[in-house]
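The task is simple: from the sequences and hints, build the whole structure.
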Amino acid sequence: MIVEAKGLKKRYNSVWALDGLDLAIADGEIYGLLGPNGSGKTTTILILLGLTEPTAGEVRVCGYDPVRQPLAVKRLVGYMPEKVGFYEELSAYENLRFITRLNGIPEAEANRRIGEALEHVGLKDVAQRPVATFSHGMRQRLGLADVLVKKPKLAILDEPTSGIDPEGAAQILDLIRRLRDEAGMTVLLSSHLLHQVQRICDRVGILHRGHLVAEGRVAELTAPGGYVARIGQASPILRARLEAADWTHSVEEMQPQELQVTLTEGGRAELLRFVAEEGGVILELRPKQPTLEEIYLRYFQG
Amino acid sequence: MRVIVWKELADHLGSRRFFILSLIILVVAGTSVYLGIQGFQQNPAAVQEFPYLRLLTTAPGALPSFLSFLAFFGPLLAVLLGFDAVNSEFTRGTVSRVLAQPIYRDAWINGKFLAGLGTLGVVVVSIVLLIFGLGLFALGFPPDGPELARLAVFLVVALIYLGFWLALGILYSVLFRSPASSALAAVATWLFFTLFLYMIAGVVADQVVPVRADSPAEAWLRNENLRNSILRFSPVALFEEATLPILVPTYRGLSLLALLAQPGVPTNPLPLGQSLLVGWPQLVGLLALTSVCFAAAYLGFMRREIRTS
Ligand SMILES: Nc1ncnc2c1ncn2[C@@H]1O[C@H](COP(=O)(O)OP(=O)(O)O)[C@@H](O)[C@H]1O
Ligand SMILES: [Mg+2]
Chain V
1 MIVEAKGLKK RYNSVWALDG LDLAIADGEI YGLLGPNGSG KTTTILILLG
51 LTEPTAGEVR VCGYDPVRQP LAVKRLVGYM PEKVGFYEEL SAYENLRFIT
101 RLNGIPEAEA NRRIGEALEH VGLKDVAQRP VATFSHGMRQ RLGLADVLVK
151 KPKLAILDEP TSGIDPEGAA QILDLIRRLR DEAGMTVLLS SHLLHQVQRI
201 CDRVGILHRG HLVAEGRVAE LTAPGGYVAR IGQASPILRA RLEAADWTHS
251 VEEMQPQELQ VTLTEGGRAE LLRFVAEEGG VILELRPKQP TLEEIYLRYF
301 QG
Chain G
1001 MRVIVWKELA DHLGSRRFFI LSLIILVVAG TSVYLGIQGF QQNPAAVQEF
1051 PYLRLLTTAP GALPSFLSFL AFFGPLLAVL LGFDAVNSEF TRGTVSRVLA
1101 QPIYRDAWIN GKFLAGLGTL GVVVVSIVLL IFGLGLFALG FPPDGPELAR
1151 LAVFLVVALI YLGFWLALGI LYSVLFRSPA SSALAAVATW LFFTLFLYMI
1201 AGVVADQVVP VRADSPAEAW LRNENLRNSI LRFSPVALFE EATLPILVPT
1251 YRGLSLLALL AQPGVPTNPL PLGQSLLVGW PQLVGLLALT SVCFAAAYLG
1301 FMRREIRTS
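Note that the protein sequences, when read in sequence, are chains V and G.
Quick note on the working numbering: the first sequence kicks off at 1 and runs consecutively.
Quick note on the working numbering: the second sequence kicks off at 1001 and runs consecutively.
No lab work stands behind these hints: they were computed from the structure.
Idealized CB from N, CA, C, for every residue including glycine.
FRET-style restraints, in silico, Cβ to Cβ:
| no. | chain 1 | residue 1 | chain 2 | residue 2 | range |
| --- | --- | --- | --- | --- | --- |
| 1 | G | R1177 | V | E284 | 50 to 56 angstroms |
| 2 | V | G122 | G | V1027 | 45 to 51 angstroms |
| 3 | V | M254 | G | W1006 | 48 to 54 angstroms |
| 4 | G | F1019 | V | R129 | 22 to 28 angstroms |
| 5 | G | A1180 | V | G20 | 39 to 45 angstroms |
| 6 | G | S1015 | V | T55 | 39 to 45 angstroms |
| 7 | G | F1137 | V | R129 | 43 to 49 angstroms |
| 8 | G | R1177 | V | M254 | 45 to 51 angstroms |
| 9 | G | R1177 | V | E29 | 34 to 40 angstroms |
| 10 | G | S1126 | V | S135 | 40 to 46 angstroms |
| 11 | V | E29 | G | M1302 | 30 to 36 angstroms |
| 12 | V | S135 | G | R1304 | 27 to 33 angstroms |
In structure tokens:
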């Protein structure tokens, strides 16, 4: 687990911005922290970075405690804030150069990384232009480049698509996915636009009033109704049969020989039959959580 | 922290704000020195005693002395270097991005203060070099040892004084969220200490101890003392009192008391150590003000919530 938080609480004056949040993010995944405005996303992120202290609870990021070892965390984590800002009179290159200097990256290496990062986000041609001339979308992409030059293990992006038209947002999300695939970094991104980001997230957590009200794989959460089953000691044949069946929504291998299956309401008896025939142990069989759609209606539009 | 100091230094030295203000200071310095040199030509005897120091303290014609000018105008430069140091980072949204880098939080504000001091140092040193240059050209000889020592001490004191105003500017940039209001507060404070406090001190002193032309010497003395104690609250007055003994070797103190105690004009210069002693309390006061101001800015910044929105 690259991020682990238990029982996080944060109080601002009389409001509890976070109220018992548990969070676990695995290496290499794209985790979407979703929630309406004011639900505590930014607060969570600031605590993970050691920029704000939690009132209660435990946090570990890359194995370090952000409260006690903020510098160790900041060395490994890249962060793009909600309203990312730059030094307007400096060029895109100079802004990134300042960041590489603060990170103690040697000149030659820094120049190489800045070139690559700007190329990735499509700002190579305007590298020498002052940021004052940049559009909102360009700034957002420069914010991504700013994270990339650090080559972080974990990238934390707070509302990376806010205020951008749907097309630009889709571009940025594709870029994030590609970067994760190529550089192998873990991504934590927050958004209040559930529908927009869900397609690139491996897992999402829905934050409401400071704690998670739902969490899971997008496939699992988007399936209507039905059950979730965990099956141990599953053979490859069982897996193949489950994947072929029309009453399963998704079949994923969580650990070697351990499958997580989401299925329709009517698929329950069939599942039991398959397992009896092919061998395997049903570790868990439970009704599925509310769907994203239901969650959306319940929490995002109230 | 070195990275931060260099960046801020480059920002300052390249900014239009700095360029205009330091240009004004340099032009005034050049003019007053030039006029001072002309004064020497009319009164060659003056050249004998610390001519370079004289260039800084004598008021040529209608202009104020360079020392008064620096005491009055230098703070504006210093305070304007600092007034948006922190809050502009918040309004631009660069705080959280920079503080997410592996640097200590205090390295940032320390770096900003040091860079400001460095910038002011550049200004003060270039003024002194200008005076050297013009003086050398007109007088034909460089300042001697004691004079150089006094100039060096003056540089340090001036830097402490300007450092106070820089720290005050940075403090305002921490206290006020918008650069516009901190600029307003900074300029208001500057006007208060450089102009209003002098007027207020005079008015209060005259109210409490009225004096007329035929008042006894004792009344004049009390009036003067009261005025001076009120002015002690002003860093501007502290600076003038701290530097006068350094730049005017014969100077023995501001109050009438010193003059009354030693009738006749004292002409023999004090050694540098003695001169320093005369202005010592003021110097310590100045240093304390600067430290308190920066400490307040430092603490305010360290405790500040860093979220932008
Ligand atoms: N500095 C602050 N002082 C008081 N309340 C705050 C402060 N920052 C955030 N809050 C409150 O904490 C809650 C969570 O805010 P935030 O984490 O910014 O939510 P999100 O990022 O999901 O929109 C909100 O109710 C907000 O009003
Ligand atoms: Mg937020």
